[in-house]
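Visitor: These are the residues of each chain, in order.
Protein chains: 2
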Amino acid sequence: MSLLVVGSIAYDSVETPKGKVEKALGGSAIYFAAAASLFTPVDVIGVVGSDYNFAPLDFLRARRVNLEGITQVPGETFYWGGIYGEDPNERETLFTRLGVFADFKPEIPPGCRKPDYVFLANIDPDLQLEVLDKVKKPRLTALDTMNFWIEGKLEALMNVLAKTDALFLNDQEMRLLTGNKNIFKGAEKLFKMGPKYIIVKKGEHGAVLLSKDQVFFAPIYPVWEVIDPTGAGDTFAGGFMGFIARENQIDWKTLKRALIYGAAAASFAVEDFSIDRLKSIRTVHIEKRVMAIKKMTEF
Amino acid sequence: MSLLVVGSIAYDSVETPKGKVEKALGGSAIYFAAAASLFTPVDVIGVVGSDYNFAPLDFLRARRVNLEGITQVPGETFYWGGIYGEDPNERETLFTRLGVFADFKPEIPPGCRKPDYVFLANIDPDLQLEVLDKVKKPRLTALDTMNFWIEGKLEALMNVLAKTDALFLNDQEMRLLTGNKNIFKGAEKLFKMGPKYIIVKKGEHGAVLLSKDQVFFAPIYPVWEVIDPTGAGDTFAGGFMGFIARENQIDWKTLKRALIYGAAAASFAVEDFSIDRLKSIRTVHIEKRVMAIKKMTEF
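Keeping their order, the protein sequence lines are chains W and G. Going by numbering that gives the first Met the number 0, the letters in the first sequence line up with residues 0 to 298, in that order. Going by numbering that gives the first Met the number 0, the letters in the second sequence line up with residues 0 to 298, in that order.
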């Protein structure tokens, strides 16, 4: 089924203890699409500057990713630079040059206005709302956000949340949004804001899926050598949403499996810089890690 | 089968955001025994002062816990005071009065010298070694330790590790002992020190069991309201070792289940102060949570 993502498209310069890359492919929409396209066609909505080279995205086109919704405008593409320490959770932003992303106005091509599934990656909640206003109500809408919007645009964020089925967030965002460090108590408050499903991303500790009356735990797939943690969260969401769109089911069983598919996808993302590893794998590689995770949690 | 534990026996004064207790039952050996005795008879080795009141331990005797190995000597019982913030991982020690524990010399009663299973709770590694020297080689020896011994008594600790089958530790202790933040890489180094099994305790993120060629992830059992986190780790070890001693099997399948039994036991420990909740439950309550965890991890 069709899956639409709106998010950032960027160049990233990243340094980690394992090496560095300059102006590599990045952005939430790109990581998401690289993972989701292993399962289902994806429509990408975003903006790039006149400096953007589309050729490296050819592998996405080959995977049925529609790039028609990427607007190219005069100016510089969103450019981010960061450095990671030994702890993948600690990263320092060296620079953020929003470029054309600062004035991003999502435009949805006519052929993309009836998506079955929508992922609103971490962008201004006003823009997230705008996207939802412009498309026919999807079967499932998922949302990602960050402290910046929780602190600075809470009202707009609450408006999107009211229209969101599945919310992705991490422990800190949970605490900021609900005042609760305990994710089970925090989730109770989040359910009242709109979402039926909460996905708590816990980095190397895995992820937790919560509905009003059920809980499911996904571990990570063990990675001995994290090369670059950038984009792991968006890849996770891409695996999750891509799997759901392929199955075209929104029952608990499918959601649980989707969480594991997300975890498996994320484990590949961190094994190389940028989307390099995601580019080289096929769906069967994800499936193998899903089976491995099954063995590592079954008792 | 018989299970021997050597560890601290203490009085704890604890304050948490949910309330406080004064001079409540505490100590690693007591938490451990409270959980393990739900599965198997336990022999406790420890020391208390002349101020210690044995009557509150009657419920342990009723559960086939042998307290004969607890030596009572003139002086004050180990007394610890601490305060927890909203985050159960952050605790401040207000005072530590070692009392008679400072001169603890483990004495093993003749009837306890052929244990099938041994848990060396977090005490001076020289004492841990002494205990192993005094008993017939058990089927499985498990060890807990802490930063204090890793930093101050590394050589003695390495000697115990060489005789240890299963090592319990948390992320920070892993890092301190191996230099690795990544638990999979760290475990590789730990296996070279002696242990065949590593159990990484991750608090609210669950636990990971590692052997040289296998990994198993246990989540927590969801607790909405943590009343007092004290003793969760020792209770976890108690559930783990108690289950193994009951099954009297040391294969991977049993170890995986033991990890879940440990997680279930620990979830009860934190639901009230001291060992109050562990006192009130029966084995069937643990089994119920084990089944619930199964549902929360199966896909």
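Warning: the hint list may mix true and false statements.
Copies of the same chain are indistinguishable here, so a pair counts whether it falls within one copy or spans any two.
Distance condition first, Cα-Cα at most 25 angstroms in a straight line; then the derived PhoX-like pairs of lysine-lysine [unchecked claim]:
id, residue 1, residue 2
1, Lys-133, Lys-17
2, Lys-22, Lys-152
3, Lys-195, Lys-22
4, Lys-180, Lys-201
5, Lys-180, Lys-17
Keep in mind that the hints were calculated from the coordinates and are not lab data.
Visitor: The structure should be examined with respect to each hint, and the outcome stated for every one.
Guide: Each hint tested on the structure:
Taking the shortest alpha-carbon separations for Lys-133 and Lys-17, neither the intra-copy value of 43 angstroms nor the inter-copy value of 48 angstroms comes in at or below 25 angstroms. For the identical chains of this complex, Lys-22 and Lys-152 are neighbours neither inside a copy (30 angstroms) nor across copies (48 angstroms), given an alpha-carbon limit of 25 angstroms. Taking identical chains as interchangeable, the C-alpha atoms of Lys-195 and Lys-22 are never at most 25 angstroms apart, the minima being 38 angstroms within one chain and 45 angstroms between chains. For the homomeric pair Lys-180 and Lys-201, the shortest alpha-carbon distances inside one copy (13 angstroms) and between copies (16 angstroms) are both at most 25 angstroms.
Taking the shortest alpha-carbon separations for Lys-180 and Lys-17, only the inter-copy value of 15 angstroms comes in at or below 25 angstroms, while the best intra-copy value is 32 angstroms.
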